[in-house]
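Assemble chain C onto chain S, guided by the hints.
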Amino acid sequence: EAQVTQNPRYLITVTGKKLTVTCSQNMNHEYMSWYRQDPGLGLRQIYYSMNVEVTDKGDVPEGYKVSRKEKRNFPLILESPSPNQTSLYFCASSFSLAGSGTGELFFGEGSRLTVL
Amino acid sequence: AQSVTQLDSQVPVFEEAPVELRCNYSSSVSVYLFWYVQYPNQGLQLLLKYLSGSTLVKGINGFEAEFNKSQTSFHLRKPSVHISDTAEYFCAVIPNTGGFKTIFGAGTRLFVKA
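Residue numbers (the working numbering), protein chains in the order written: chain S, 66 to 181; chain C, 1115 to 1228.
Just so you know, the hints here were simulated from the structure itself, not pulled from any lab data.
Among the clues, some could well be false.
In silico EDC-like pairs for lysine to aspartate or glutamate, Cα to Cα no more than 16 Å straight-line [as the list claims (entries may be wrong)]:
#  : chain 1 : residue 1 : chain 2 : residue 2
1  : C       : K1192     : C       : E1134
2  : S       : K83       : S       : E127
3  : S       : K83       : S       : E144
4  : C       : K1215     : S       : E95
5  : C       : K1215     : S       : D121
6  : C       : K1192     : C       : E1130
7  : C       : K1215     : S       : E144
8  : C       : K1163     : S       : E95
9  : C       : K1163     : C       : E1129
10 : C       : K1192     : C       : E1129
11 : C       : K1215     : S       : E169
12 : C       : K1227     : C       : E1130
13 : S       : K136      : S       : E118
14 : C       : K1163     : C       : E1180
15 : C       : K1163     : C       : E1178
Excised from the complex, chain S in its bound form (with noise of 0.2 Å):
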């Protein structure tokens, strides 16, 4: 079954405790893309990556890190967490439009961070 895998899905954490949020996708994609949503703010975009090795900020980069090691990975690291990251996280993956893709992304099914 094509899928987005995030884990883990929920997660307490402290402030400061690094955590790395897990994300793979199996369709070959070679695009792959971290968002958080924040109610009244929808969706922003905190990295993406158009291909192995090949990563760029978004809107909201800030206190986040990514590597694109391998195609079907993309974890997003947040080395020193603070409350303001507290939000749900989604990974997507697509296609690139510059090979066969519509842009049409697939998503992940969340990951709900709380830091205290």
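Chain C in isolation, oriented as in the chain S frame:
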């Protein structure tokens, strides 16, 4: 640059009534348009998309949307809603000239009442 405006943040409607969720966009280049749906406690999934051709596109669960280039709109409609349609709906665009960034609207929460 592109922007997407969803004109209603919340739409309450009774079961079996018709509904329209409004979406306007702004772009200096041609775009592909999408509607995504997010059911409670789930990720977003594609409802329908407009790439080219017929301006009326049909999606899953009985939804349809009409692309109006002159009004730069892509409104979503359903003639008769069900309780199970209660969800948040996002309109989105991406430049079809090789751009990579999807621009989302702020979302419309559809609440279907019995």
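Results of checking the hints against the structure:
1. C:K1192 - C:E1134: holds, 7 Å
2. S:K83 - S:E127: holds, 15 Å
3. S:K83 - S:E144: holds, 5 Å
4. C:K1215 - S:E95: Between C:K1215 and S:E95 the Cα gap is close to 13 Å, so the pair holds against 16 Å.
5. C:K1215 - S:D121: holds, 11 Å
6. C:K1192 - C:E1130: holds, 10 Å
7. C:K1215 - S:E144: violated, 26 Å
8. C:K1163 - S:E95: violated, 20 Å
9. C:K1163 - C:E1129: At roughly 25 Å apart (the allowed maximum being 16 Å), C:E1129 and C:K1163 break the hint.
10. C:K1192 - C:E1129: holds, 11 Å
11. C:K1215 - S:E169: Between C:K1215 and S:E169 the Cα gap is close to 11 Å, so the pair holds against 16 Å.
12. C:K1227 - C:E1130: holds, 9 Å
13. S:K136 - S:E118: holds, 9 Å
14. C:K1163 - C:E1180: holds, 10 Å
15. C:K1163 - C:E1178: holds, 9 Å
When held up to the earlier numbered hints, the structure conflicts with 7, 8 and 9 and fits the remainder.
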